Amino acid sequence: AQTVTQSQPEMSVQEAETVTLSCTYDTSESDYYLFWYKQPPSRQMILVIRQEAYKQQNATENRFSVNFQKAAKSFSLKISDSQLGDAAMYFCAYRSADDMRFGAGTRLTVKP
Amino acid sequence: GAVVSQHPSRVICKSGTSVKIECRSLDFQATTMFWYRQFPKQSLMLMATSNEGSKATYEQGVEKDKFLINHASLTLSTLTVTSAHPEDSSFYICSARDQRRGPNYGYTFGSGTRLTVV
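Residue numbers (the working numbering), protein chains in the order written: chain A, 1 to 112; chain B, 1 to 118.
For the record, the hints were derived by calculation from the structure and aren't laboratory data.
If you're wondering where the values come from, they're calculated on a predicted model, not measured in any experiment.
Among the hints, a few may not be true.
Listed below are several chain A residues computed to face chain B (Cβ distance under 10 angstroms; list not exhaustive) [to be verified]:
#, residue
1, Pro9
2, Ser42
3, Arg43
4, Gln44
5, Lys70
6, Met89
7, Gly103
8, Ala104
Estimated spans, in silico, between C-beta atoms of each pair [what the hints assert, rightly or not]:
#, chain 1, residue 1, chain 2, residue 2, range
9, A, Ala16, B, Gln29, 40 to 46 angstroms
10, B, Tyr58, A, Ser7, 27 to 33 angstroms
11, A, Thr18, B, Gly53, 44 to 50 angstroms
For each residue, glycine too, the CB sits at the ideal point set by N, CA and C.
Go ahead and model the full structure; you've got the sequences and the hints to work with.
Below you can see the structure in the form of C-alpha cells.
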C-alpha cells in the first residue's frame, strides 16, 4: 500500500520569508500524481499545487513551488514570500488510479 | 470550476440515532466520490469509495453496516452513520473528481460535516 510521510508536524516562518515543507512517499507504481493541499481553520481543503510523476519539471504556482525527486520519492513544497494567509495545515497527497492518500499534515504558522 | 456541496455542515445527534450526510457535485457528474474522516489535528483517512450505481468499496477496518453509503445518481452520494455512538463524533469530508478534467486535476472537496454524538 502506498504511504505518505510528512515528518514535520509543525513549522514556523516569518512573514515574507521562505519555508519548505517536506514529504516523502512509498510506492511501487510508476504512474501517479502528487498534490499539496491546504486546510485553513475553515477545514475546507484547497488544492495548492500538483505534480505528475512522469514530468521531470517541477511544478510552480505563483509563490508555491515543489522539489520533486522521483528516485528519492520526495515531494517538498516551497512557499516564497510567506503571507499571513498562508497559515494553515498542509497535506501532501499521493494518487494513483482513483484513490488519494494523505500524509499526517504540517501545521504552518506565519509570524508577522 | 468544480464545486462540491456537503450538508449539513454541523449536526448533533443522540446516541443510537442515525445521521445522513449528503455530498453533491454541483456542476459536474461524478461517477466516483470519496468519504474521509478526520479526527482533530489529524490527517484525512479514507473510509470508502462511493461508486454510482454499485456498492461502495470500504477501507479495511471501516464497518459497512455502520457507515452506509449510497450513490444513487451521478451527482449525489450519501453517508449514513447508523446507531451513532460518541466515538463516531468526527469531521467527515467528501470529495469527487471532475472527470471532464485530466487525471492530474486532483479532487474537489466538500466543506465537511462536523458530527457530534451526545
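Verification of the hints:
no.	hint	in the structure
1	Pro9	9 angstroms, holds
2	Ser42	7 angstroms, holds
3	Arg43	5 angstroms, holds
4	Gln44	5 angstroms, holds
5	Lys70	15 angstroms, violated
6	Met89	8 angstroms, holds
7	Gly103	6 angstroms, holds
8	Ala104	5 angstroms, holds
9	Ala16(A) <-> Gln29(B): 40 to 46 angstroms	43 angstroms, holds
10	Tyr58(B) <-> Ser7(A): 27 to 33 angstroms	29 angstroms, holds
11	Thr18(A) <-> Gly53(B): 44 to 50 angstroms	48 angstroms, holds
Comparing the model with each numbered hint stated earlier shows that hint 5 is the single one that does not hold.
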